[in-house]
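Chains as they are written, first to last, in our numbering: chain A, 2 to 218; chain B, 2 to 218.
You may find that some hints are simply not true.
Given that identical chains are not distinguished, each listed pair holds provided it fits within a single copy or across any two copies.
Restricting the straight-line Cα-Cα distance to at most 30 Å, the calculated cross-link-like pairs of lysine-lysine (DSBU-like) are [as the list claims (entries may be wrong)]:
#, residue 1, residue 2
1, K146, K19
2, K158, K30
3, K158, K133
4, K30, K115
5, K145, K85
6, K30, K145
7, K133, K174
8, K174, K19
9, K30, K146
10, K133, K30
11, K115, K85
12, K158, K115
13, K133, K19
Simulated from the structure, these hints should not be mistaken for lab results.
Protein chains: 2
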Amino acid sequence: MEKMRSNISMAVIRRLPKYYRYLNDLVEKGVTRISSMEFGRILGFTASQIRQDLNCFGGFGQQGYGYNVEELRDEIANILGLNKTNNAIIVGAGNLGQAIANYSGFRGSGFILKGMFDINPRLVGISIRDIKIMDIDEMSEFIKKADINVGIICTPKEGAQEVADRLTGERIKAIWNFAPTDLDVPEDVIVENVHLSESLMVLAYLMNQRENAEDNK
Amino acid sequence: MEKMRSNISMAVIRRLPKYYRYLNDLVEKGVTRISSMEFGRILGFTASQIRQDLNCFGGFGQQGYGYNVEELRDEIANILGLNKTNNAIIVGAGNLGQAIANYSGFRGSGFILKGMFDINPRLVGISIRDIKIMDIDEMSEFIKKADINVGIICTPKEGAQEVADRLTGERIKAIWNFAPTDLDVPEDVIVENVHLSESLMVLAYLMNQRENAEDNK
């Protein structure tokens, strides 16, 4: 199956966490198997989309039986690499950084928050959930010592590129970026952006469209 | 041009904020015009993709001239409805809610934060950037009084559906949802989700893929 996994489109990849989340809920509810039809109804996808998506990874369903919920969940967790452990630091320990530090979704994704960094002396020394906020000048050493492989950037736009440079300079190969800017990083560095402003603009667009549609009625 | 705007794919819509953001940067840098080739280079898109995207909205470029940066930015702002004003409340005033309240991207998107609500008596009464956190039981009246049309849900997963029910019960037609769950809302309600856990899982996937690729070298 491994060899089938190389050329999956990002659109399919981005749907996998949703599959995982719903399968998890089903397991918790004690559901043991589900048809692609029923699963599609819950997810808001067509049965054929579900079969197509899951076929990208080798297909798990059996004709006339459907999917084994727990098996499928575990397999998707496996594909997503959720059983792997990644050590992360947060850079930028303001409100957003602290919110992310308190974020309960970390553990389920295999990410472990090891440290937080900021330039603001009023934040340095404070602990958030037993994670101490350190001065950014201590970052390089900490990355090596604590075997960090993910940097989470929660700084304002202005400082973000410099932070990214420092992280990649320490051979960090994966960045979860919350700063509202696109980072310029070496080719082998993975950047996953959460651009809140873009999400908010999409909301503005959809509201505006609806308003225009209503005006034209 | 209005009539061209109805059947634009969500993929194009989701790229528009990025166009907007980069055009804004270019305006700030004093750039007055740009070719689709150069614009594509900056954005990491092909020139043809850019022409195709912008053609969905009627096309703004001129052969041999390129795009007028400021005009294009203003037109995209217009399409996105960023010149409209939307009054918002945040429900769930913990770390994430407070981070969102402090979020500087609000003003540029036409959203104005009017109030925050929580069930936690230790939070009620506190102000975040002059916005008072109120008890959730005051929410219904506030929505009417302050002409609120957007609810931002920053509660844990467990409370989110109940909050959504309360919001839509007050005829709120747009929700920006940060709770890690899909909300069940009436058909005419717009929901824009920010599922952090899904973003984090995509990051886990990409890291896992790279690791597997390296192992196979």
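Right, here's what the structure says about each hint:
Taking identical chains as interchangeable, the C-alpha atoms of K146 and K19 are never at most 30 Å apart, the minima being 35 Å within one chain and 37 Å between chains. Taking identical chains as interchangeable, the C-alpha atoms of K158 and K30 lie at most 30 Å apart only when they sit on different chains, with a minimum of 16 Å there against 42 Å within one chain. With identical chains, the CA atoms of K158 and K133 are at most 30 Å apart both within one copy (23 Å) and between copies (27 Å). With identical chains, the CA atoms of K30 and K115 are never at most 30 Å apart, being 33 Å at best within one copy and 38 Å at best between copies.
In this assembly of identical chains, K145 and K85 lie within 30 Å of each other by CA distance solely inside one copy; the values are 19 Å within and 48 Å between copies. Proximity of K30 and K145 under a CA criterion of 30 Å is satisfied in neither setting, with 42 Å inside one chain copy and 38 Å between copies. Taking CA atoms no more than 30 Å apart as the test, K133 paired with K174 passes inside one copy only; the shortest distance there is 23 Å, against 41 Å between copies. With identical chains, the CA atoms of K174 and K19 are at most 30 Å apart both within one copy (25 Å) and between copies (24 Å).
Taking the shortest Cα distances, K30 and K146 never come within 30 Å of each other, neither inside one copy (42 Å) nor across copies (41 Å). In this assembly of identical chains, the alpha carbons of K133 and K30 never lie at most 30 Å apart, being 37 Å within a copy and 39 Å across copies at closest. Taking identical chains as interchangeable, the C-alpha atoms of K115 and K85 lie at most 30 Å apart only when both belong to the same chain, with a minimum of 16 Å there against 42 Å between chains. For a Cα distance limit of 30 Å, the shortest separation of K158 from K115 qualifies both inside one copy, at 23 Å, and across copies, at 25 Å.
In this assembly of identical chains, K133 and K19 lie within 30 Å of each other by CA distance neither inside one copy nor across copies; the values are 32 Å within and 35 Å between.
In this structure, the earlier hints numbered 1, 4, 6, 9, 10 and 13 are contradicted, and the remaining ones agree with it.
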